[in-house]
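J.: The primary structure of each chain is shown beneath.
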Amino acid sequence: MLGEDDDVFDSVTWESPSAPTYDAGPSAPTGPGFRQSTAESEPGHGPHDPKWEGYLITSVKDPVKELADTKDAYVSYLVSAKTNLPIFSTPNPSARRRFQDFVFLRNHLSKDFPACVVPPLPDKHRLEYVTGDRFSPEFMERRRADLHRFLQRLSRHPTLQRSTLLRAFFESTEWHVTMHQHVAHPPGPEHTTGVIDSISDTLLNAFSRVRKPDERFLAMREGVDKFEEGIVLTERLWSRIRNRTNDLTGDYHDMAVAVQGLGFLESGITDPLNHFSNTLLEFSALLRHTTQTTTDPFLIHLHSLLQYSHANRAVLKLRDQKQMDFEELSDYLSGVTSERDRVDALRGADDDRSRVEKMRKLDAKIKELQDAVQTAHETSDAFSDETLREQTVFQYAKEAEMKEMLGNLADGQMEFYKAAMDEWDRIIPIIQRIRVDV
Amino acid sequence: MDPYETENPFEEDTDRVQSEASSAYRVNLSAPSSPPSQSSRIPSSPSLGSASRPAFPSSGSHRQPQAYKSDFCCTRDQWLHSGEEVEIVITDALKTSVNSSSTYITYVIKSGTAEAQHRYSEFESLRTSLARLYPTLIIPPIPSKQTIGDYAVKQAKAKEDAAMIARRKRMLQTFLNRIARHPILSNEHVFHRFLDGEVSWTEVLHSPPLSLLPTNILKAPSHNPTDQNASPGYTALPNPSATHALRRPDQRFLDSEVFTNKFAAHLSGPMEKVTRRTMKRWSDSSHDHAELGAALNGFSLNESGQLSSAIEKTGQAVDATYMSTTLLLQELEQNWAEPLHEYTQFATIIKKLLVYRHQKHVQYEMTQENLEAKREQLEELEKSEHAARRLEEALGRGRTSADSPRTEDGTPSSGDNSRADTGYLPPHPGPNPVRRRAPGMGFLSALSYTLHGMMDVDPATARRNAISKAREQISLLEDALHLSAQDLKYSSSTIQADLDRFQRQKVADIREMAISMAKSHRDWCKKNLEAWEEAKREVEKIPDHPNRMLEEIVEDSGGVANGSRESTSTIDGH
Chain H
1 MLGEDDDVFD
11 SVTWESPSAP
21 TYDAGPSAPT
31 GPGFRQSTAE
41 SEPGHGPHDP
51 KWEGYLITSV
61 KDPVKELADT
71 KDAYVSYLVS
81 AKTNLPIFST
91 PNPSARRRFQ
101 DFVFLRNHLS
111 KDFPACVVPP
121 LPDKHRLEYV
131 TGDRFSPEFM
141 ERRRADLHRF
151 LQRLSRHPTL
161 QRSTLLRAFF
171 ESTEWHVTMH
181 QHVAHPPGPE
191 HTTGVIDSIS
201 DTLLNAFSRV
211 RKPDERFLAM
221 REGVDKFEEG
231 IVLTERLWSR
241 IRNRTNDLTG
251 DYHDMAVAVQ
261 GLGFLESGIT
271 DPLNHFSNTL
281 LEFSALLRHT
291 TQTTTDPFLI
301 HLHSLLQYSH
311 ANRAVLKLRD
321 QKQMDFEELS
331 DYLSGVTSER
341 DRVDALRGAD
351 DDRSRVEKMR
361 KLDAKIKELQ
371 DAVQTAHETS
381 DAFSDETLRE
391 QTVFQYAKEA
401 EMKEMLGNLA
411 DGQMEFYKAA
421 MDEWDRIIPI
431 IQRIRVDV
Chain Y
1 MDPYETENPF
11 EEDTDRVQSE
21 ASSAYRVNLS
31 APSSPPSQSS
41 RIPSSPSLGS
51 ASRPAFPSSG
61 SHRQPQAYKS
71 DFCCTRDQWL
81 HSGEEVEIVI
91 TDALKTSVNS
101 SSTYITYVIK
111 SGTAEAQHRY
121 SEFESLRTSL
131 ARLYPTLIIP
141 PIPSKQTIGD
151 YAVKQAKAKE
161 DAAMIARRKR
171 MLQTFLNRIA
181 RHPILSNEHV
191 FHRFLDGEVS
201 WTEVLHSPPL
211 SLLPTNILKA
221 PSHNPTDQNA
231 SPGYTALPNP
241 SATHALRRPD
251 QRFLDSEVFT
261 NKFAAHLSGP
271 MEKVTRRTMK
281 RWSDSSHDHA
291 ELGAALNGFS
301 LNESGQLSSA
311 IEKTGQAVDA
321 TYMSTTLLLQ
331 ELEQNWAEPL
341 HEYTQFATII
351 KKLLVYRHQK
361 HVQYEMTQEN
371 LEAKREQLEE
381 LEKSEHAARR
391 LEEALGRGRT
401 SADSPRTEDG
411 TPSSGDNSRA
421 DTGYLPPHPG
431 PNPVRRRAPG
441 MGFLSALSYT
451 LHGMMDVDPA
461 TARRNAISKA
471 REQISLLEDA
481 LHLSAQDLKY
491 SSSTIQADLD
501 RFQRQKVADI
511 REMAISMAKS
521 HRDWCKKNLE
531 AWEEAKREVE
541 KIPDHPNRML
551 EEIVEDSGGV
561 ANGSRESTST
571 IDGH
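Chains as they are written, first to last, in my numbering: chain H, 1 to 438; chain Y, 1 to 574.
Since the hints were made in silico from the structure, they are not lab data. Every value quoted in this text rests on a predicted model; they were computed, and no experiment measured them. Take the hints with a grain of salt, since some may be wrong.
[Said to hold, decoys possible] Quick list of in silico lysine to aspartate or glutamate cross-link-like pairs, EDC-like style, CA-CA up to 16 Å: (1) K526/Y - D319/Y; (2) K262/Y - E215/H; (3) K317/H - E222/H; (4) K527/Y - E415/H; (5) K519/Y - D425/H; (6) K317/H - E215/H.
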């Protein structure tokens with residue numbers, strides 16, 4: 001039971017003994033979960049701030065339909081990386097993997113690193129799956145983009161980027177073997193076993209709140225909630241604008257046709273009106289182009305970030321759970337201890353043998369519980385520690401992704417307005433050239 | 001082929017068109033108008049920044065020089081024809097209840113130094129009056145009672161709605177300026193009196209020339225329906241139906257009718273519908289952006305550091321789009337949608353004008369037909385007169401033929417072969433004229449018998465009366481035909497000239513509309529571009545992710561780094 005936290009880090013390889021960026025084991029508890037580490041999301045120089053040992057730049061490319069025209073057909077992707085991390089045997093590892101491989105990777109990383117925010121994989125796109133369209137170019141491209149982002153998020157995580165499983169994902173030539181091995185010999189035993197398991201089930205259902213809420217984690221939770229609110233609202237409103245722009249695309253196309261019709265009627269100015277009609281058509285095309293190349297990708301990324309944030313929130317919840325585990329067990333322990341003391345105080349009664357027997361049983365239980373409480377405490381502390389770091393890691397990821405999103409959005413908008421402005425500028429002198437005496 | 005610019009075979013003298021219709025009423029009216037008291041000013045819709053001179057009616061690319069005029073009927077006339085480009089401006093819309101039990105809106109009109117106030121119904125009345133005074137001219141439209149673009153406004157509130165009032169203000173102003181620019185209408189003193197505000201409109205309605213307008217314009221001279229010295233022959237003109245087909249229609253005007261119908265259909269159909277739809281869409285879009293801007297602002301407050309600034313600046317870009325879109329909408333409304341609607345209204349006006357001309361043409365043809373019929377009639381009468389005389393002579397010399405029909409005795413007056421006018425109309429032959437055919441006499445005898453059938457007057461006299469009556473009528477009809485021809489010629493040439501003028505103004509206005517639309521969109525793009533450029537600059541300041549390919553990994557990642565191309569550009573896998 002003890003030592004799970006140690007074992008968690010077995011699945012991470014160390015470059016040098018001096019390298020570890022976080023505690024390899026539980027440190028002396030100064031209190032339930034209270035540490036000196038910073039709770040701000042701003043990256044700083046505290047002892048619990050994440051540190052990157054190197055870089056891992058990943059990409060997912062080149063979807064290929066394998067075993068085409070058979071019933072076992074599937075799509076494979078080229079995953080490749082550029083890295084200077086020592087665990088990799090080459091600086092440019094690559095392999096071909098399929099969606100199921102990603103699923104395996106994701107699920108096992110989650111299990112192996114419960115305190116880490118492992119990015120989610122996209123939904124299976126149920127509809128296309130059912131209608132059999134999973135080999136359409138659009139679907140394959142969409143999935144490729146999702147998988148690319150998934151790997152990118154993994155590669156940006158200072159811990160996950162150095163996991164053996166991820167390394168195998170890139171380098172292993174016998175991936176199936178690797179998978180089997182990983183399942184058969186997981187890096188560490190199950191976390192919740194024995195006493196904790198049996199107790200937590202019965203107790204935790206009764207209480208759903210942490211007893212001693214930590215300000216920092218409350219703040220974190222609130223921050224995550226507000227962040228997600230912001231994303232959801234932005235997504236909704238921007239979707240509305242996208243639809244409106246779509247409508248305008250049609251409107252300007254119709255205007256172009258109407259103006260052209262006017263040009264046919266007004267034989268003296270047919271030519272300039274045709275040019276004007278073309279400008280309206282161009283504007284319509286630019287609107288559509290922007291929706292396709294800027295707005296839609298933006299919305300997709302926004303939604304993906306929301307999913308990632310959900311994963312973050314799940315980890316926060318798990319942390320709360322660990323703390324509750326510890327608190328419930330402590331309560332239980334003190335309950336049993338009081339019981340024992342009460343039985344002890346009954347010395348002098350006639351039924352000495354049964355009392356001694358009862359005492360013996362209680363003592364055994366207390367010993368068991370004390371061990372369990374200690375474990376739970378350490379687990380909870382370590383988890384809390386990890387969570388603080390994870391928040392910073394996530395903050396980095398969040399900022400990087402929002403920079404990319406907003407940057408692309410701004411670029412797309414600028415490109416549209418520049419092009420449109422040129423179109424409108426060009427038509428003005430053409431119309432002005434119409435000569436009419438009034 | 002431009003249907004409005006083809007040759008006019010009816011037209012002889014275009015110069016006549018200009019001077020014909022100028023009315024030189026020098027009525028001096030000095031009674032002051034009643035100034036409204038306790039009127040409240042209706043705030044105008046947010047100005048477009050530069051309250052520059054209104055765009056419509058456009059001056060085109062080149063201005064034709066104004067015809068020289070030295071004989072002015074009043075100071076407004078002088079101001080209008082001063083040679084410079086003058087502008088009538090409706091400066092205010094006031095809510096008042098003077099002379100009425102309920103409140104109404106009155107518009108303040110400034111033309112030069114003069115100021116007048118009129119309510120909507122008076123504009124309507126002015127327009128109707130001008131249309132009746134000048135049945136051959138295209139009188140510009142005024143905004144309809146239920147104006148376009150009221151889709152968002154409940155009808156009950158329509159009168160109060162500031163946007164609708166602003167729109168009316170603009171369109172009424174354009175109406176006045178179109179009249180001011182018209183070579184004929186600008187000389188009309190009724191118009192001057194409307195502008196100078198020295199008399200009430202009611203007084204103008206009850207004084208000449210408006211008080212002299214006949215009820216049926218079609219029976220009055222086209223060039224001046226109020227002409228008191230018009231020939232009475234006008235009253236003899238037939239009342240034509242609008243749908244009466246012409247025997248020899250004027251191809252030019254047939255073409256004009258076809259063109260006008262096509263134009264009307266295209267404008268009110270594809271053009272106006274799409275315009276309205278697009279306006280609504282832009283309106284919705286601007287609201288969406290306002291909401292999003294606020295949401296992003298709120299979003300930024302929950303974040304920190306550079307990310308917060310970036311989100312805030314993005315929100316500001318969205319806000320800027322909201323504002324620029326609102327302005328775009330306003331400009332499109334004023335410089336595209338409104339003039340477009342005006343031209344839809346113009347199409348209806350021109351259709352009516354072409355109907356008037358058609359009726360004048362019908363009048364002409366009907367008169368022609370009547371004249372021909374009368375001439376035939378006279379010819380027949382005279383033939384029978386002549387034949388009867390010869391018969392009498394023949395009879396008078398010889399014996400009476402047994403089966404000769406009753407003939408009259410030769411009266412002294414029938415002896416002479418001159419065509420005497422006796423003066424009375426021959427009666428209608430009556431229901432059952434007795435016809436006995438004499439061999440060899442046939443139709444002639446039947447006719448002469450018929451003519452004298454029921455009369456107890458001396459048949460010869462009757463016939464002679466008929467002849468003179470016919471001659472009289474022919475003379476009347478010849479007069480009427482002459483008047484009708486004049487009217488038709490005048491109407492056709494004036495209408496043609498005004499259509500030509502209208503066509504030029506339309507092209508100028510379309511040109512202006514297109515330029516304005518292009519400029520509005522161009523400015524909208526420019527503003528939004530600048531806002532997004534600012535946002536981009538702020539976004540760039542967000543530090544790159546630590547996972548990047550630099551020689552050393554910078555711990556303090558507050559500075560801007562460019563080496564993260566790899567990590568951030570792989571979004572699309574390339």
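J.: Would the pair K527/Y and E415/H pass a check requiring their Cα atoms to be no farther apart than 16 Å?
T.: Holds, because 13 Å separates the two Cα atoms, which is no more than 16 Å.
J.: Can the restraint linking K519/Y and D425/H be considered satisfied, given a maximum Cα separation of 16 Å?
T.: holds, 8 Å
J.: Between K317/H and E215/H, is the straight-line Cα distance small enough, at 16 Å or below?
T.: At roughly 15 Å apart (the allowed maximum being 16 Å), E215/H and K317/H satisfy the hint.
J.: Hint check: K526/Y vs D319/Y, CA-CA at most 16 Å. Holds or violated?
T.: Distance ~15 Å between K526/Y and D319/Y Cα, so the pair holds.
J.: Between K262/Y and E215/H, is the straight-line Cα distance small enough, at 16 Å or below?
T.: violated, 75 Å
J.: Need the status of pair K317/H, E222/H: alpha-carbon distance at most 16 Å?
T.: At roughly 12 Å apart (the allowed maximum being 16 Å), E222/H and K317/H satisfy the hint.
The structure fails to meet hint 2 from the earlier list, while all remaining hints are met.
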